[in-house]
Amino acid sequence: MARCFLSVYCPGIAGDRLIRVVEWCDRYSPLVAPDGPDGIILDVTGCTHLFGGEGPLLLDIRRRLHRMGLESYGAIADAWSIAWALARFGRRFIVHGEAAASVLDPMPVEALRIPAELAEELRRLGISTIAAVRKIPRRSLAARFGSTLLWRLDRMFHQAEEPLTPWRPPAPYRASRISGEPVSTVQDVSYVLRDLLREICTRLERDHLGSRRMELACYRLDGTVDRCEVRTSKPTRSLSHLMRLFGEKLAALQSDFGFETFVLSVSDLEALAPEQLSLSQVDSTKEEETFDALVDRFGMRLGFGDVNRVRVCESYLPEYAVEFRSATEPAMASADWPPYRIRPIRLVQPPMRIEVSTLIPGGLPVQFFIGRQKHRILRSEGPERLASEWWRENGSRWGERDYYRIEDDNGYRFWIFCDSSGRWFLHGHLA
Amino acid sequence: MREYAELQVSSNFSFLRGASHPQELMNAANEYGLYAIALTDRNTLSGIVLAHSTLKKMKERRTRFLVGCRLDFTNGESLLCYPTNRKAYGRLTQLLTLGRRRAPKGECLLGLDDVADYAEDQHFVLPFPQVLTESARTHMERCANLFRRNLHLALTHSCRGDDKQWIRTVAEFARSLFIPLVATNDVLYHDPDRKMLQDVVTCILEKCTLAEAGFRLDANAERHLKPPRIMAQIFAAWPEALEATVEIADRCCFSLDELRYEYPEEIITPGLSAFEDLKARALEGARGRYPEGVPEEVLKQIEHELKLIAEREYAPYFLTVHEIVKFAKSKGILCQGRGSAGNSVICYCLGITEADPIACGLLFERFISAARNEPPDIDVDFEHERREEVIQHIYEKYGRDRAGLTATVVHYRMKRALREVSKVFELTNKTPPERRKLALGLMEELVGFPRHLSQHVGGFVIARGRLDELVPLENARMKDRIVIQWEKDDIDELGMMKVDVLGLGMLSAIRRSFELLERHYGQTFTLASIPHEDPAVYEMLQRADTIGVFQVESRAQQSMLPRLKPERFYDLVIEVAIVRPGPIQGDMVHPYLKRREGKERVAYPSPELKAVLKKTLGVPLFQEQAMQIAIIGANFSPDEADELRRSLATFRHVGTISSLRERFLEGMRKNGYPQEFAKRCFSQIEGFGTYGFPEAHAISFANLVYVSAWIKCHYPDVFCAALLNSQPMGFYAPAQLVRDAREHAVEIRPIDVNHSDWESTLEPHHAVRLGLHMVSGLPEKDGRALVAARGSGYRTPSEIARRAGCGRRALDRLAQADAFGSLALGRRQALWQASVLDEKMPPLFAQAELFEEPEVTLPSATVSQEVLEDYRATGLTLRAHPLSFLRSRLNARRVTTAIELKTTPPGKTVLVAGLVLFRQRPQTAKETIFITIEDETGAANLIVWKHVHEKYRDAVYHAKFLACRGVMQREGQVIHVVARHIWDWSAQLKHLDPQQRASMLPVRSRDFR
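If you read the sequences in order, they're chains Z and F.
The numbers in the numbering used here rise by one with no breaks, and the one at position 171 of the first sequence is 179.
The numbers in the numbering used here rise by one with no breaks, and the one at position 937 of the second sequence is 938.
Chain F extracted, bound-state conformation (with noise of 0.2 Å):
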């Protein structure tokens, strides 16, 4: 039998032109036997990696997978390219580096002339044609004369009917120009069941439906990947063109694996080798860490972290980022490793972590597993408004040529995917049936398909020489963001480096508060110098009093606090980790609650696995937890752990999830485990593949739990302000941070010309000044200018549009936000100053006064009034909360208020009201609500069935003011309201403004999902 190699393939990262996974094409063509395969996807070298690594990893291995691209010009025509060796590769990159930088994101501009530059040591295919047109013609006179040698012409049989002729005369021209010929199938998927997914995606990418379609849409399914006979069969009468598809596979030997990566160089100390950089840092760190000396039990950690570091050469990407977290240090930048880093001792002693794993109790080789060939992964976040600093910080340090950041491929999801099928078949309530089945089941096919390239949140690579030669880069969607056409999993696969840099706004907050402490207070402190385990936190936390305080603010985790009441730092890990789809998927929650309590007796499956959960009372709450039951309950190796991990996280190994829960729960079986254990814990496992937090990852976090909760309890209006100035962050919006500060006996002052900063600010009595930035609408230049011009104050508004510059419309705001309040001026006479004024006043006028005011006195506004301006121009009221002054009627309505709720009997039926704050849909209650409505007494939770937020839908979704009927809940000190009927009140809040029309309350919800 003749062999075959098929060198025209294009997978589904040619997105919407493909309609098989790269891993679906590799299968097929080891199955057949084919000689190589090579993925030639359009003008794009995403896919590869996947393909490489699919045949890499098959057991019996029988082809070859050959790089390769297919180049579609700006003119119409393409040519495949394959580069033969890796200094061709390198340049294939850069031509696809060229062609997509200088086009907008997602599009590629080449032309014949660029190839010309990068053609060394490429070979190149020209695709067979259906016509021969003059551009076509021209094409491959053109590609003749310039790769002479290195070309060849593919013959594609697609039975068109007259394809023996067709061919015939193909070759003939292609004889006139000396080009050799050879055998494709020009495939589009590996099987021929997909082409009707194959028409579907057409129709997607040409907008069209399918009955529209017409011939752009195949005429048959001959595009699927062939198997050799038939291909010998096809091309019987061209035995050269079948035999040049093996001779251009021979001479293509580059492979993904000759890839070096290298670290850049500049990140060690010059005259010692990364290693003993490393080491020494680690000392000098370690003796930092421990002012009265290094524990020896320490020492004995570090000598083992750095074998296993010197046995993987890791040195470098400690030194990494290590360099980017010294930078953010030198800048004030607040910045703490999370993820499974934690685990390491060196990397708390570089101050890349901050809770000592020593005395937590982990192990270092959850960090870096001994099985897994895979480089280590340390997720840095930064506060939140200051990473790009950082970001820019890399670009200058290692130039834009040799940094570029992670792609993440993102896929079809089910609601999009059903969109697209619904517009290409005209799905409507008619459709009959057998249709909608059909259409269905192929949108089934098409979720999981890329759909584009996006950049993701942070992820780094960083390389030694130039990034352009290892990868494509290409434009993100933001300006100067340059991305490199892989993601994280294939980063990893070839053994490259990335660094996350990541945001998070409680680190904002919580410099801020250190900067407070320090100014007003006399206090400096540092993530790891708060005082530790301090009861009245502990206190506070049980009591879930806890808005704004990092990640345990949310509902679900402020329904937990009481019952879990923690006690000690641990604790907090475990409530970090358990309100995670993970264990709550695995139903993991109750059984560890209830052990707590002491309601339940402790006891572990097996004496094996007591050693793994000993610490969470038999519970598995970690990532690495399930992992480990796993590999000693069900006998996975640690690599089979990781990939079942993996295949739950993404969509990369289709297909493959049934089977490793039958051999997990096949292997729990065996080792003698109850099966419905075994049940809970797969579906554990499949909730932490997403969301999952490793208990390392869980104590960074917690860290700052403690951290934010000590703050508050001990300094709530420095923790108020810091709030306020990091905003948009964390679950509650400024009116909630507010009213919290203000129910713990912090005076909140309005805002004021005259003693306002941009910032809020601290004042004497522990007092915080709202600042200039809470005024909506109100530009930071103005409000700045405000401030630095005020001296001694301000007298009249038009003063401060002369000495601050500020026009009329910055006026307005600031008279909106009344905050003219030490000028004696109300909201509207403020107002009515500041409108006298023009936009651009010219400084000389504007001393002159213009001319003498007639007194006007304008009618005064109710308090309810005010209240409404109030929340229109900042979001928050210090006055009254809106719904005091609709008590009356709601009295008559007989509402419950919140505070009354908390003495209600459970199971009795009661009607509350009140303005919505969240709506939130988790992830792991699909079909539930929730939401938080608030009245002046404080906030109810309410608890909506599918069938009750089906039946009340715009009231639910839109309502602002928001009554509902339902029975009570409690458990513990958490209580609930089970919706059964909901109204939208809305409109009651008219009553607030009898004067206005359209009066709405401008309340923003949150919502969640």
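The shape of chain Z in the complex, shown without the other chains (with noise of 0.2 Å):
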């Protein structure tokens, strides 16, 4: 039987995108794939009279490519590349038989689906359609120019075998367990719930990915499903954690009757290398590893949105240098800080306007009141001078600072600014 092949070009098309709708066509037939960057192939044979023969499968598959908002250019034939052909450059769309070779000779070589290169050389001899080149004896067409070009005439014209290699989608992590007798029992739900993670996590190892979001549908007897779903802040693929995360979501589960299939599905995906296995126990990435874990626990209990995680920014003035982020996002480095900018465990925000008195103006602080709280400097360090990060949108409102680290005569110690206009500030308590 003459095998039919549809052809579609989508021009413009972005590699995901065609990836998507490849998917998508599945629904016309099994045997389909990506054809070039921008064209997809079908395999057609005896399947065009489900969508009501061929024109009306044309028609069905450009119209809803057009919804789709993509403009596409259909073609039938008995073979790929003249499919591929009446796509691109034909003005007939459904063509068998004996009346291809009419159809294409008149047809540009660009048709011939041949390098660019090879066409400009064509077409430099004067051989623009596919019809020159059919005139010219094919032992002159070998001898110039290889046997790129015969091979793609005789896929043309001689039906030489065009074997469809069709698409498969990768195959998701997912796994399923079907239990003999119903289970009810928070127990007996992780003890499958353990073999389903031992067979995910295994997988993901293999493919060095991470789960980001997991989800566990619980199927009852008659049919009505209860999820419990598992974020981590973190890519991970680790049994025990997981295990953990789930557990405080388990008991949550409505069994009523009891359940009877399992589903436990990844949802998110990020990439994560391999574990190099270390020899010694007190390991510094284990370390960060037993705070991820914590981390995601805390997420579990409180909520994600309300466990943040602390930066050091890379900023002389203390407002700007830390700064709290959500843990769920990729931590970033916090910055190196220089160990002599010493600054205070805790910052009075905003600065607490104090009266200093100096014994010569521009000096050394002597006493500041804290209100009425008189306080002695006995001991002081500084200054520390911090110009205003200018580029800042909002500037500061302080001007230059000079900072000063002092200690009273109660053993307290403090960090005072002065500044650009003379006044002073206390900003926090150091210890």
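The set of hints was computed from the structure by calculation and includes no laboratory data.
Using N, Cα and C, we set each Cβ at its ideal position, and we do this for glycine too.
Take these hints with a grain of salt, some might be off.
[As the list claims (entries may be wrong)] DMTMM-like mimics (lysine to aspartate or glutamate), calculated; alpha carbons at most 25 Å apart, straight line:
id: 1; chain 1: F; residue 1: Lys208; chain 2: Z; residue 2: Glu415
id: 2; chain 1: F; residue 1: Lys165; chain 2: Z; residue 2: Glu128
id: 3; chain 1: Z; residue 1: Lys143; chain 2: F; residue 2: Asp118
id: 4; chain 1: F; residue 1: Lys165; chain 2: Z; residue 2: Glu415
id: 5; chain 1: F; residue 1: Lys961; chain 2: Z; residue 2: Glu128
[Unchecked claim] Sample of chain Z residues lacking proximity to chain F, with all beta carbon distances greater than 10 Å (derived):
id: 6; residue: Leu26
id: 7; residue: Gly61
id: 8; residue: Ser110
id: 9; residue: Gly134
id: 10; residue: Ser136
id: 11; residue: Ser148
id: 12; residue: Phe165
id: 13; residue: His166
id: 14; residue: Ser246
id: 15; residue: Leu280
id: 16; residue: Cys321
id: 17; residue: Pro391
id: 18; residue: Glu408
id: 19; residue: Arg413
id: 20; residue: Asp417
id: 21; residue: Arg431
Could you use the hints to bring the two separately framed chains together as a complex?
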């Protein structure tokens, strides 16, 4: 039986989108594959009648693609290469049998699907149509242009075999178990869960992937479903960690008459490099891992929106030097803080206005008042002069600041500054 | 009050690390009354001459300048180095040369071990460490052991909070190594306000935005130059560190004034002094120039010049230039001096220049200004293709360690500065206006900052001894080129000599013309022996029939010629000088034309200026006239006038322009000149600063104008062949040159494998045979092999492959260029035959003609297809103009042809269309774009005002085939169409080849700025 190929040409489609359209096309035929950067090929042998014939099939596919916002051209022919040429250069879109030659002949040489340089070379010789190519003796063509051109011609006119390798979507990370009898205790569910997790985690490890979000769907006897989901701040495939996270959720499942089917699926994937097995147990990465696990547990309890990480930023000004970021965001490296720039353990924000007396104007402070409380300054160090970060949109209220570290007669230590107009502020308590 | 010397200063010559010009730093230092100031840029001495001369010129000079350098080592550590005497300075320059020469351009690879070999009589200072890392400790220990008594450690108070404590810690460590202490402020800018700019350049250096920069920026603005009083306060607890600054300054008694430049010895004839030698050569040259006896006047002038030369000891300079010119002439390389050298009779006698300055009434004093103590400057143009021979000769004769190219400091220009600052600020359309204003302000400050060193086009410095003891040398981008770290003005400042070895395409073309004239017409000419004042030549120039002629072929020149109507040589001098930004900016062109056409009375602003302006009908056109006006009219001293010119030419004298302008206008007013005239003069001087022509320079150029015009006028065939062989050069592409030659009844014959040489040649009856060099993509080696193996001719393409060893690719190119006409093969047939050959065919197989080919008939090409292919393969066609095939379509749209424009009345609205030849955006009219388009009847000029080209941007910049509706404008014989609407009709070209899917005419316009 003659085969029947459908070629779709979507000019300007992007790589990702093409794959999605290819996936979508399996509604027409299971034998579907991407064809070049902007085309799709379907083997529709024997399935055209399902759509009311070839014409309506073409119309249907183009109309639906149009609704998706895609410009497309389609053609049906006996051979893949003919369908390809028709979709791109043809005036007719359905051609079978002997008629093909007369339709193809006036087409430009590019319709042969040959490299652009080859097409250019042919054109320079005045050979600009397929008919012109076919007039040249095969021996002469072979001597000049090698086998590519002949091979292409053969595919088109002698129907050389053109196998189509259908495209398959990547296997999803999904595992299911059906139990012989209904399962209703948390204990039993967690057995099944462990089993499912082991399967999934092994596959994740093999593929260097980790899960960011995982869902367990539990189907009850009556067909209704209960689901629980686990999200993590970093990709993971650690069985024990995932078990612990699920453990906090399992209790909430309503088993009613018991579950019979369990499906565990990963809905969010991220790359995760394989781990190096370390010899020593105390390992900084381990430490980090347990910290991440802790963050996840907090997140599961409190909601991830309420868990923050502290990050040290590269700013000399204390109010900009620290920032809080959601724990779920990928952690950014903290700045390397210069050891000599000492910052208070508690910042007074906004800085508190204080009265300071100095011995000589512009000299070192000797005493200051917080409210009525008088503090005699015994030791002081400074100034640490910090210019305003002039490029910030809101700038700084105090201009250039001179910071001093001081210790009062009670042994308390403070961090105070004098702004550019000579006013003093308390900005922090030092250890 | 304590004295203080600042020993650690980086200027903006430590590219992107300092935020002040050396001048600014020196001015501030002098103002504060610093005892001394050192410039310690990173691995460079580029800024020292500028700093040195700034302080030297100071009226009330209080501060001494110290030469220094910060050595940044590959291991991340640094060391400040100060030569204490001339010998040590030479060692420092050699050390830097060592580091620079073994590194890629712009980098320097040095280690502490290298320094040890050059350490004698240097004084060293270790920069203050912010953290005492292991590497820093080791570095300090090694330095302490290597340099012992000649080493200090810098203490710098940066207000980081724990300064007292930290300085004490570092000082203790230094004491343990017995290193004495010295105070510095590690200065990066002269004023704390520059902190912002400092942050911006740091971001540019680190390729980050301000928001990302973080700790890469300084915490405060303390690194500015501070007065001694403040430094004394800061270092009150360390008096010995303050005293050490003065001690070190006193130890470093080297000054740049000690540098003695010495001319190379080998230029002088043995047994003679330089002066005697020059005198002998000049007199001998004079006898050659004036075979009928040297006129008394010339002898007197020679005597006069010699006297001045003797006074200033410039004889060796003239001899050096003469040696180079002599070499070029011995190799048959055409050359001609340009610039102010043309004022000198001696240069004329020595054959350096070709125009007789006495006949032109030039004065030698303009060459060597009596007031300026500055060496003369002789620039020599050589044939552009053979300049390399001259350069190699210089390297060979004097050695690479004695000859180097001058550097050019590339400065930040508006465009670049804007781009960098926008990146740093992350400017977008949404940026609020205040922030945008801040960014723009900083951008303006950045403009004029040095960015990197580049090589000067051809300024050679040649020394008697090793050049690297005088100035550090570094690699240029070009292989085997060595550049010194100073630029032209620095060299002038130190009284060093520079010879400009420049390349000029027209000289190549003229030399080729002379060769062709000798071979085909049996006539021998030199630049000087071309018949003078030939009326036929002037008649041709008056018609603006100047395609290919030197200088006057441009659109602007062509429109000037019919109005200026040159009748004698001096008119050409004016023609060359008048279409320049100087006169145009000064609005001097129209007054001159009016006076020349007799529409305006010739008047002089004052009797004193009459002497200056007489030659040019009272309108200043030359650079020296503008300077004379400043001197006579505004009471400038010659020195000041020169400073004025220089300050306008470069960025070196930041901020002095407006005060000079004030002075100029004030001076003119005092002498009773109308303010309006004064303003015009000043704006002309402004224009001259960058682009002005001195009279002698215009004469040198006018000489080439005349010679090239003479050849074009009498031997258009010779002219065309010579120009084609000298490409790329000039304003027009080969297609226009060929077209012009055909219009002058020269037959142009196509490229042919059996008739063409590699270069274009002359054939009997005034015909030019296009050469194989016109075939695009054909390697010269293959082309020349084809010519060499031709014998009695080729019969088939495969014979060429066999006998000349050309591969398939070469034959393919030839076939595409339709070069098989004599074999009766059309382009497609030839391609077909060539395409069966292999790239590398074994000669034996080729002989066997592998297999019998069946006869193949290829579709024949239409003429328009052939035209397209001609353009593609050779850039021109001898068939019809592409537009002739579209004419019926164009007629239907009522397009006016170029030739019809000549009879169209001005003011009429017309639609014109043509292939774009040039787009031009002159310096003097930045808002306007001039476009020249061409159809089969000729060329048309379009004027596109700003509002129009902004509206039709794409068409204006990208169209190959352009249509324009606009208004006819006529001034004398000059026709323009002032554009109103512009369309890109490039798509129309597809009609030339209906079978071609992606048809595009491969015509490239030449775009000029």
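Proposed proximity, Glu415 (chain Z) with Lys165 (chain F) (alpha carbon, max 25 Å): Holds, at roughly 17 Å.
Satisfaction of hint between Glu128 (chain Z) and Lys165 (chain F), Cα-Cα up to 25 Å: violated (77 Å)
Restraint status (C-alpha distance of Lys208 (chain F) to Glu415 (chain Z) at most 25 Å): violated (42 Å)
Consistency of the no-contact label for Phe165 (chain Z), given chain F and a CB cut of 10 Å: With a cut-off of 10 Å, Phe165 (chain Z) remains clear of chain F, as the shortest Cβ separation is near 19 Å.
Claimed clearance of chain F by Ser246 (chain Z), with the beta carbon kept past 10 Å: holds (34 Å)
Distance restraint between Lys143 (chain Z) and Asp118 (chain F), which requires alpha-carbon spacing of 25 Å or less: The given pair, whose Cα atoms are some 80 Å apart, is violated under the 25 Å limit.
Outside-interface status for Ser136 (chain Z) - nearest CB in chain F farther than 10 Å: violated (4 Å)
Consistency of the no-contact label for Arg431 (chain Z), given chain F and a CB cut of 10 Å: holds (18 Å)
Minimum Cβ-Cβ distance from Arg413 (chain Z) to chain F exceeds 10 Å: violated (7 Å)
Beyond 10 Å from every chain F Cβ - status for Cys321 (chain Z): violated (7 Å)
Given as non-interface: Leu280 (chain Z), which should sit over 10 Å from chain F by C-beta: holds (28 Å)
Gly134 (chain Z) remote from chain F - nearest C-beta pair above 10 Å: Violated: least Cβ distance 4 Å, not greater than 10 Å.
Comparing the model with each earlier hint shows violations of hints 1, 2, 3, 9, 10, 11, 16, 17, 18 and 19; every other hint is respected.
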